[in-house]
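Protein chains in written order, with full-length UniProt numbering: chain A, 1 to 500; chain B, 1 to 353.
Bear in mind the hints are in silico, worked out from the structure with no lab data behind them. A few of these clues could be false.
[Claimed, not checked] A few chain B residues facing chain A, derived, Cβ under 10 Å:
id : residue
1  : Arg16
2  : Leu52
3  : Lys63
4  : Gly115
5  : Ala130
6  : Leu132
[Unchecked claim] Label pairs and their calculated CB-CB ranges:
id : chain 1 : residue 1 : chain 2 : residue 2 : range
7  : B       : Tyr333    : A       : Ile345    : 48 to 58 Å
8  : A       : Ala219    : B       : Thr14     : 27 to 37 Å
9  : B       : Gly66     : A       : Ala445    : 32 to 42 Å
Here the structure is a predicted model, which is why all the values come from computation and not from measurement. For glycine and all other residues, C-beta sits at the position ideal for the given N, C-alpha and C.
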Amino acid sequence: MFALFENPRLRGGIHAEEHKSETSPLSIVTDFPLPKKLYIPVQQHVGKPAEPVVKVGEKVLKGQLLAYSQGTISAPVHAPTSGIIADVKDFPAPHPSALPIRTVVIESDGKEQWAELVVPEDPFQLEPEEICQRVGAAGVVGLGGAVFPSAVKLSLGRKNKIHTLLINAGECEPYLTCDDRLMQERAAQIVAGIRLMLRGMDAPKALVGIEDNKPEAFAAMQAASRDFANIVVAQVPTRYPMGWDRQMLRYLTGQEIPADGRATDIGVVVHNVATAFAVYQAICLGQPLISRVVTVSGAAVAKPRNVEVPIGTLMSEVLAFCELEKSKMARLVMGGPMMGDALPIADVPVVKACNGILALSSADIDEPPVQPCIRCSSCVTACPVGLLPLEMASRIKANQLDSAVDLGLKDCISCGSCSYVCPSNIPLVHYFKFASGELVKRQQAEHKSEQTKRLIEDRNERMERARLEAEVEALRAQEARAARLAAAQQAQQAQAEETV
Amino acid sequence: MSNKPISGPHVAATRRVDQIMRLVIIALAPATACGVLLFGWPALYLLAVTVLSALAFEGLCLKTKGVAAMPYLRDGSAIVTGLLVAMTLPPWAPWWIGVVGSALAIVLGKHVYGGLGQNLFNPAMLARVALLISFPIEMTTWANVSPLFTGPGVIDSLAITFGGLDNPDAVTGATTLGWVKTEFSQNRLLPGSLIEYSGFLAFLGWERGSLGETSSLLLLAGGIWLMRQGVIKWHIPVSLLLSIFLLATIFHTWDSQHYLGPWVHLNSGAVMLVAFFIATDYVTSPNTPLGQVIFGAGCGLLIFVIRSWGGYPEGTGFAILLMNAVTPLIDHYIRPRIYGRYRNGKPLDISNS
């Protein structure tokens, strides 16, 4: 409050109640009982869905390819355990709509029999291209929640001149501690993953940003990277949304990514810390991404903790393992409480993007009634982007979408800081998401009407051409007839002359 | 579990509108209590009448509008408005001044615009200025300091508030600013006209003035506490006070016979109340830090101009209303820089970033 001027490197943001201490002191649970059935959606990443290569009834081994990557931006999925392919069908996705998507169902045989794993003799001697290729083949995607195929990012980094690999270990969302625990317990492996990423991108140095509410993780990472001068582990202030890569980058380097650009434009590539671990697994162990650490927390679970679960495990089973008290659960959230998605059902699979399963009680999500905006500008102060949420919301309410876009609607990152601080409980982010959806709809409608217009124009042109052709044809026919007639007349004349 | 699709965040901060209003009331309480202590029972009656009538008008307006009144009455905004109106009135003003003031503030200042959060002008200042123009005598009859239990008793005070003053000249006088202005008109200049003025007593509140405006000390304390609570930010109060201070210093140094010094300015009239509690009104001040600094400095400038060269001895009400009118303009032009963009909205150049 008495900070006269805000740090230009650290704008906006909020201090939410952390709720991390419930799970941060506990070790990652690695003996989660293998589920009987696993549901592996073919799309767990940004880009094109993978195409299944297995048939129903086929026997698969742990780590075997289930569906291959399609196109440049896509990622394959692998079998999390050994067993029989029970089905390839549509199954509810872990999405607020719970709409079904194509899913491979495996009935596990309980043997956990690995497929043959290819492990290089010295991973750090692999060619950069080889590293990218192996990361891609292992189905590694961004595990911070964006699930962008990591190999694509690595190749992109290699093509552009990258000076810094930023490892995002902010984990700024309340409740979540899976990255924290991963760093505390597996720092050496993460550092190996970072070194492989650096090699894969031909980048000179890495910068690891960890929020200062994770001192143990910071110490572990520092110890693990001590021998590598090109890996710098730094602490960043605990202030949501520090895990927004652009915010962390600005804080650590003072650089801002242009609004219409990418991190690579200023020579930076950002990867999540859990992704670094997955890269280590993919290269050094030859294991594809078939499991992940998930924070299970919220007031409705009796035993909140971090659990390493196979991808495809139903959330309901994970929740049962952590002793969910069903009657207490008011909302199920995948991810953190700030940006996570509320799920309507728990019988959906854990996917690569799932860093948290939160069973929140009604006390956690206390929702007082919405009151009028008193223009307190708390939202302006909280916005890390520098937007005017209250103004944008009032424009959207009046259906003035263009005006909201002028105010910067498209720069909104939906971090939820504005909604969080609003004393009137106005669902600001909800407004912005709605407006963005409307804009897409409008764009599509425009596109459609343009297409229709073009079709009509094409048709008119075609008709016109046909008409002209017909006219020309008629003219030619007329001329031909006239010529025939003239010829006949001439012939007649000639005959008459001859007779005379 | 509900299946209503709901966007994040799924958690929220705990400070709500009613809590903000409660904190404001707490911050105003010491200065108000001081006013009651210094000006006795009539001040307490006026305070009660004003606040209760503000609540009544709020309820009436909501009822006319056809919405449930209770949630809005409970948010405390009407109490804050009523309290602020009362604090700006002469402490021994008749009861109907309080009622008319509340009506002006709540009905004309707030609900005509659409209710909470919609008004262009600060309701309390609107009421103050309208009353000052409409009832100049009542609004400039300043009771002498007559502390509770030493001045008129409980019953006599009822007569003052509800019946009017019989012989006002005996128990009233001029405020510091008013006195200086009158003396100027008689060609008696500074510092002679301020020979009896005690800056220290005035700072404590021991001087003639509006019910809740005299104690600069308690208003300052309440304001700083409110800042520490995070309810208000420093931008408006500091820029407002600083601009008055600088202007007064410059002019006082240049001509100390015609211009009051900076401390007298800051210590008199409604400056402290306005700086921390009126100019900082969320609804009628700009949204951005820079906008707020401009707004505060503008208020300070206008206060100084009206006090020094205007017809009225005190200019805070007019200054606030004028700057309220400029607020939408400030908000239109002063916007924060968006991440990754220049101030004009163009994306940053890659080479410069």
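To test your reading of the hints: which numbers does this structure violate? Structure breaks hints 2, 3, 5 and 6.
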